[in-house]
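Undergrad: Chains as they are written, first to last, in numbering that gives the first Met the number 0: chain A, 0 to 152; chain B, 0 to 283.
Please keep in mind that the hints were generated in silico from the structure rather than gathered at the bench.
A portion of the hints provided could be inaccurate.
To be verified - Dumping the calculated DSSO-like pairs for lysine-lysine here, alpha-carbon to alpha-carbon at most 30 Å:
1) A/K142 / A/K103
2) A/K14 / A/K117
3) B/K231 / A/K56
4) A/K4 / A/K42
5) A/K51 / B/K53
6) A/K127 / B/K27
7) A/K117 / B/K53
Every value quoted in this text rests on a predicted model; they were computed, and no experiment measured them.
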Amino acid sequence: MEFQKEVEIAVPLEKVWNFIWDVDRFIACVPGCREAKTLEAGKRYSATMVEKVGPFKVEFPTIIEVLERDELRRIKAVASGADNKIGSRMKIELDVNLREQGDKTVLGFIAGVDILGKLAALGHGIIKRKADQVLDEFAQAVKQRLEGDSQDA
Amino acid sequence: MLRRFRLEEPESVQEAADLLNRYGDSAKVYAGGTELLLAMKEGLVHYERLINVKQLKGLNEIRLDSGTVSIGALCTHHQLESAPLLKERLPALVELEKNVANVRVRQAGTIGGNLCFAEPHADPGTLLLALGATLVAQRSSSRREIAAADFFIDAYETSLAADEVLSEIRIPAPAAKSGIAYLKFGYLERPSVGVAIALTLNGGISDAKIAVGCAGPAPKRVAEAEAMLIGKSIEEGTRNLASAGQVAGRAAQAISDLHGAQDYKEHIVGVLLKRAFQRAVGPS
Chain A
0 MEFQKEVEIA VPLEKVWNFI WDVDRFIACV PGCREAKTLE AGKRYSATMV EKVGPFKVEF
60 PTIIEVLERD ELRRIKAVAS GADNKIGSRM KIELDVNLRE QGDKTVLGFI AGVDILGKLA
120 ALGHGIIKRK ADQVLDEFAQ AVKQRLEGDS QDA
Chain B
0 MLRRFRLEEP ESVQEAADLL NRYGDSAKVY AGGTELLLAM KEGLVHYERL INVKQLKGLN
60 EIRLDSGTVS IGALCTHHQL ESAPLLKERL PALVELEKNV ANVRVRQAGT IGGNLCFAEP
120 HADPGTLLLA LGATLVAQRS SSRREIAAAD FFIDAYETSL AADEVLSEIR IPAPAAKSGI
180 AYLKFGYLER PSVGVAIALT LNGGISDAKI AVGCAGPAPK RVAEAEAMLI GKSIEEGTRN
240 LASAGQVAGR AAQAISDLHG AQDYKEHIVG VLLKRAFQRA VGPS
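Generate the whole structure from the sequences, applying the supplied hints.
TA: Pasting the structure below:
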């Protein structure tokens, strides 16, 4: 499943870039993501992703690896994890890009999401919809956090 | 394989609600088990406790109560397909129930369980929306009525609070001159699309309720499509069906999946709405 999202943030590009690397705050914008840890700064991180569709809950201990980093422009990362209790795995390939638009920044991302195992029994449509919701919430959370910070300053 | 769990045997709805309150997410109400036990056997969900409500008295009755058809949440689909009161007052519901899943599910599965599990491809919710039903939710010391339109939130999600037990479904008995139909279509075990229509006919169409289900995450009323029929003659309503079908198709929030592509499901909504309307107005 591939998703493309774009969100315009009313703060300068450099500030958005720095925010992305402030892992604790950035990860807090991912719905259901917690316990973010830096394993190797700029390269490897760990977190736990918790998601829920009705009574179905998954908890993926996840490793996030930064594959490419193009300063102030682009990050390519892959997040993968497994929930052994329900026998499911997930992999997210994330391509984040930034571009300036006047004094604003456009944060775009392309996410390739794969969910494998028993969770797939919920059906492709339901999982796709949930992933889409999570990515929308994530984009909005980043925007709100950055624009809120900017107002506070 | 089914993992170990403890079976709680409350003696009243209040006691069941108390148990839900006490054990929170680690407990779940269990009635027919036709959905829940399958999910548990698959290992998709696990509960330390199942609260067995099957034996609770008074929750499997079907009766007429001051112009309202009252259906206990523990009524099985088989009970509903064979109830004389429903055959007389709500034949469209009887017809729906006759075609729910398969005979094993209809024997064990309950209407309450079906609604609470909120599986997106379930049939009854769609018709209940068109019938203007309300669902009675009980806590240990209170009860509230939830309009069916407000009950379904999303796939597998309802507005029932964690410590509420669904006890009853209340359906206003249809007016004498009414036409009700539910039609579904699918090629897998569960339907791809379901459409329900309830018309009040007084010469023309004095009221119309339309609901679509199965295609998207949860059943939905489609007020915009209803407005295209309300106050119209049957001929005018018939002419508006194509547009109403398109509106209803979009409102279904159809999801592309094994049951069909989004545009295919939207098209089928239109086809079923037309046929359901024709069935509801009857041969004239």
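Undergrad: Work down the list of hints and note, for each, if the structure agrees.
TA: Against the structure, the hints come out as follows:
Between A/K142 and A/K103, the direct Cα distance comes to roughly 11 Å. Compliance with the 30 Å bound is thereby established for this hinted pair. The straight-line distance between the Cα atoms of A/K14 and A/K117 is roughly 41 Å, outside the 30 Å bound, and the hint therefore fails. Our distance criterion of 30 Å between C-alpha atoms is broken by B/K231 and A/K56, whose separation comes to about 48 Å. For the suggested pair A/K4 and A/K42, the alpha carbons sit about 24 Å apart, so the restraint of at most 30 Å is met.
For the given pair, A/K51 sits about 27 Å from B/K53 by alpha-carbon distance, which is consistent with the 30 Å threshold. Annotation: proposed proximity of A/K127 to B/K27 holds, straight-line Cα distance about 27 Å (limit 30 Å). For the hint linking A/K117 to B/K53, the alpha-carbon distance of about 29 Å falls within 30 Å, and the restraint holds.
Violation of the numbered hints given earlier is confined to hints 2, 3; the remaining hints are satisfied by the structure.
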